[in-house]
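Number of protein chains: 2
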Amino acid sequence: MAEKIYLYDTTLRDGSQAEGISLSVEDKIKIAKRLDLFGMDYIEGGWPAANPKDMEFFERAQRLTWHHARLAAFGRTRKPGGRVEEDENLLAILQTGVKVATIFGKTWDLHVYQALNTTLEENLAMIRETVGFLVERGLEVVYDAEHFFDGYKNNPDYALACLKEAASAGASWIVLCDTNGGCLPGEIEEAVKRVRQVIDKPLGIHTHNDGELAVANTLAAVMAGCRQVQGTINGFGERCGNANLCSVIPNLELKLGYRCLPPGHLRELTEVSRYVSEIANVIQPNNQPFVGYSAFAHKGGIHVSAVMKNASTYEHIPPEKVGNKRRVLVSELAGASNLRYKAAEMGLKLDGRQTSDVVECIKELERQGYQFEGAEASLELLLRKASGEYRQPFQVDYFRILVEKREDQEATAEAIVKLRVGDQVVHTAAEGNGPVNALDNALRKALEEFFPAIRRMRLTDYKVRVLDEEAATSAKVRVLIESRDANNSWSTVGVSTNIIEASWEALLDSMEYALLKEGAQREAAGA
Amino acid sequence: MAEKIYLYDTTLRDGSQAEGISLSVEDKIKIAKRLDLFGMDYIEGGWPAANPKDMEFFERAQRLTWHHARLAAFGRTRKPGGRVEEDENLLAILQTGVKVATIFGKTWDLHVYQALNTTLEENLAMIRETVGFLVERGLEVVYDAEHFFDGYKNNPDYALACLKEAASAGASWIVLCDTNGGCLPGEIEEAVKRVRQVIDKPLGIHTHNDGELAVANTLAAVMAGCRQVQGTINGFGERCGNANLCSVIPNLELKLGYRCLPPGHLRELTEVSRYVSEIANVIQPNNQPFVGYSAFAHKGGIHVSAVMKNASTYEHIPPEKVGNKRRVLVSELAGASNLRYKAAEMGLKLDGRQTSDVVECIKELERQGYQFEGAEASLELLLRKASGEYRQPFQVDYFRILVEKREDQEATAEAIVKLRVGDQVVHTAAEGNGPVNALDNALRKALEEFFPAIRRMRLTDYKVRVLDEEAATSAKVRVLIESRDANNSWSTVGVSTNIIEASWEALLDSMEYALLKEGAQREAAGA
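Read top to bottom, the protein sequences are chains C and F.
Straight run, no breaks: the first sequence in UniProt numbering ends on number 527.
Straight run, no breaks: the second sequence in UniProt numbering ends on number 527.
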């Protein structure tokens with residue numbers, strides 16, 4: 001049986017230190033739940049003493065059921081000259097109720113003098129007392145030896161003495177950190193081997209990507225004996241980021257034969273990576289190894305024909321092992337066959353003319369910025385309209401939005417909608433906490449009495465992407481809306497330079513789709 | 001004297017295979033000239049037989065003066081069963097007039113059978129005759145052994161036989177390629193050592209980043225004896241990209257003590273990297289090692305206070321060695337020390353009470369969803385207001401927005417603004433292609449006659465981020481706006497459940513900041 005490597009995810013703590021990433025408590029809960037199901041062994045939720053949002057996260061997290069992961073709270077060794085029993089940072093960890101505490105402490109003499117302004121002896125006492133305090137209270141302690149490798153280069157005896165202090169005080173894991181991210185794999189390997197000679201505890205590795213070597217350094221540490229890897233999804237993290245678990249995990253499992261995730265879970269890697277990017281609102285680089293959209297995309301003609309004969313000629317692993325897909329970048333006619341496949345799924349028949357019209361129409365819409373991969377309900381409405389079988393359930397004459405803001409008051413938003421259902425005219429208005437919400441409310445109010453299905457559906461997600469940012473306030477935006485009723489969820493899209501118009505398109509598609517599905521179900525029940 | 005490593009840049013050929021990168025001949029000329037001055041030893045201009053644009057590049061390149069680099073043209077071994085004298089791909093290389101030809105050939109038996117459909121013997125003849133043909137005509141030949149490492153794993157004798165063939169036919173360099181990008185540093189090291197035992201020619205390394213290990217693999221190869229590194233600026237390239245020379249070079253020079261560039265040129269690295277991104281129209285990732293905007297950015301409060309005492313505590317190299325800069329970010333994780341640093345930068349003095357008030361205020365705003373690290377102008381306004389030194393240049397009484405859409409017509413948007421400048425009242429209206437654009441237009445119209453500086457500024461970027469997506473259309477949004485005048489650019493932020501109100505806040509800050517800077521400049525000129 002393959003040897004197990006423990007996965008320690010710090011996306012929620014170290015990852016959120018990345019410039020441009022700011023996670024709400026709700027975001028953190030979503031990410032943590034997904035990573036738990038994925039099979040992380042440890043999830044570091046945050047630093048409760050430093051951040052009130054993190055304390056709120058732990059309060060909510062403690063009420064949830066965790067399937068696989070142990071939650072860890074982060075903190076530092078007690079202050080120089082202080083008492084552990086009075087250290088707010090340690091008391092906050094106890095208050096979270098977690099069973100794992102991750103404590104970072106100094107290992108580099110330079111830091112002891114210059115950052116802590118204390119003596120080498122006092123730093124050892126800080127490590128000993130802090131780890132001991134938490135262990136006595138029943139916590140599993142992960143000791144993160146900050147700057148271990150720099151400290152080891154500068155003063156190896158002292159760096160090792162710090163580790164020994166943490167180990168003898170009862171830490172379960174000693175984690176060696178390349179905090180500044182500047183080490184080379186050979187240095188890591190040599191230092192880990194040395195540590196193994198003097199420390200009789202399981203070791204972990206925590207690297208940063210400042211030299212573009214975080215993944216290589218992590219692998220070198222594992223090969224030298226570390227059994228815990230710390231990192232983040234997509235390598236998020238301060239400066240150049242942390243070790244990217246989305247690359248570390250497949251390298252360990254597929255290339256080196258270790259076991260990290262529960263069997264079969266590696267196939268979720270691409271989805272997990274994209275989910276976390278989505279929640280963090282970070283655009284995933286197309287060329288990201290293993291999980292990127294281009295990671296198995298073949299462009300050159302020679303590559304493409306060879307790949308068709310035997311994929312291993314130009315692919316280092318089969319993409320499906322990490323849940324990714326092969327792509328051949330010859331877009332031209334790829335559309336028609338895809339589209340016929342989609343139409344058949346919906347039970348629609350499109351003739352050749354209809355198909356090529358729809359292909360043209362979709363190409364034009366995509367050129368304008370529409371994206372149907374994330375908006376299959378809008379695509380289905382488009383195909384149904386093209387097949388000539390679709391009847392619009394209502395017609396909108398107009399809508400009007402009024403937003404007003406007076407000095408020092410909150411803005412108000414009001415929407416007026418006039419529409420027709422058959423030969424009946426509905427003219428109504430509603431308020432909302434923003435213009436799109438007002439429009440949503442007015443449209444529901446107008447439709448509910450005719451179509452009770454509208455009452456059963458709700459919008460569950462609303463996304464805005466600015467498509468040409470440099471056009472500033474006159475930029476085009478794409479709006480994606482996700483909706484749900486008791487049984488289904490569906491997504492729709494709208495594009496315009498006017499964000500209200502784009503939202504309107506997506507809203508309208510969402511409601512039409514709800515009615516379409518309702519009609520289909522009624523027919524199915526009547527049949 | 002440090003040992004020299006030869007730099008071989010293939011941004012113009014392998015780099016341009018990246019999805020989304022398309023370089024014109026003019027682009028290629030610009031990049032090549034910059035890389036020549038930077039100090040590349042070889043610049044691969046393209047594959048003249050495969051791409052007419054590349055032939056045009058070589059025609060133009062031959063008329064230019066090159067200071068440092070040798071231009072190389074790319075091609076493959078002759079066709080199975082063909083004659084070198086009639087091979088169009090080789091004749092095209094001769095036609096370019098370059099003095100260096102880089103020839104790729106098969107080394108992996110699987111490829112010989114499955115991609116070339118020929119025999120192992122014929123492939124050896126193809127290598128021998130192709131290299132010999134070009135050497136006889138006075139060219140320096142770089143032999144790229146495609147898939148060398150995969151071939152070596154599968155059939156080491158044959159892989160080595162291919163290299164021997166190229167070496168004995170007169171190739172000046174034997175370059176070992178990890179074409180599929182899936183190798184690990186240990187495999188690279190072992191194979192390179194083996195090759196050195198049997199090949200008496202200088203060796204090169206060419207890696208891809210499919211395992212996120214291209215830089216580590218390149219360094220491993222150099223440490224095992226390779227003396228040429230092939231790669232691209234910013235790691236551009238097919239799928240996950242090539243070895244990133246912007247990381248390889250500083251690692252070789254600063255960490256391993258080799259010599260790559262002419263003395264002093266490493267300081268141009270950041271500028272070269274950004275220049276190439278600019279020309280390729282690729283947004284550079286902020287977290288790119290060494291050269292990224294965030295590569296030396298410090299966010300956590302502990303890091304910041306330590307860096308201020310001694311930068312090496314949290315920086316693996318001094319940023320100026322690669323022409324980059326240190327930055328300090330403000331965020332909820334940071335304390336008073338970040339803020340004092342910022343205030344000092346702005347020439348503001350905050351007393352202890354003011355500082356702690358601002359820290360509290362920023363924490364509260366960040367809890368609401370504001371983010372100041374990407375909105376330094378909003379932060380500066382906040383700090384100036386806190387210092388009591390700021391006077392608002394105008395007061396807004398109200399604004400009102402009207403958006404209307406009639407069946408089958410485009411939506412219209414109109415904004416009405418009433419504001420006061422001193423004791424003068426301005427009441428005006430404007431249209432726009434969306435509500436925010438209309439508001440922008442109305443505000444400018446109202447302010448321009450009082451503040452001509454407004455005419456000189458323009459908005460250059462507009463970003464919308466939905467903060468709690470599951471709240472759907474009643475979700476809170478954050479808007480970031482970037483603006484620019486002749487000399488500066490600045491960013492501002494707004495947050496609200498009403499997207500128009502959020503945009504309004506960011507717009508207002510942007511215009512106030514423009515007036516603030518204008519005032520500062522006027523004062524500076526008058527002083």
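For the record, the hints were derived by calculation from the structure and aren't laboratory data.
Any given hint could be a false lead.
Which copy is meant is left open, so a pair is good if it fits within one copy or across any two.
With a straight-line Cα cutoff of 27 Å, these simulated DSS-like cross-link-like pairs (lysine-lysine) come out [stated by the list, open to error]:
1. Lys53 to Lys463
2. Lys349 to Lys517
3. Lys33 to Lys153
4. Lys30 to Lys463
5. Lys79 to Lys33
6. Lys385 to Lys321
7. Lys153 to Lys418
8. Lys476 to Lys33
9. Lys201 to Lys445
10. Lys201 to Lys517
Each hint tested on the structure:
1. Lys53 to Lys463: both (23 Å within a copy, 24 Å between copies)
2. Lys349 to Lys517: Classified as within; 18 Å inside a copy, 63 Å across copies.
3. Lys33 to Lys153: Classified as neither: same-chain Cα gap 39 Å, cross-chain 41 Å, threshold 27 Å.
4. Lys30 to Lys463: both (16 Å within a copy, 23 Å between copies)
5. Lys79 to Lys33: neither (33 Å within a copy, 55 Å between copies)
6. Lys385 to Lys321: neither (38 Å within a copy, 56 Å between copies)
7. Lys153 to Lys418: So Lys153 and Lys418 fail the 27 Å test inside a copy (74 Å) and across (65 Å) alike.
8. Lys476 to Lys33: Cα proximity of Lys476 and Lys33: across copies only (23 Å, versus 34 Å in one copy).
9. Lys201 to Lys445: Neither, since 65 Å and 70 Å both go past 27 Å.
10. Lys201 to Lys517: neither (59 Å within a copy, 58 Å between copies)
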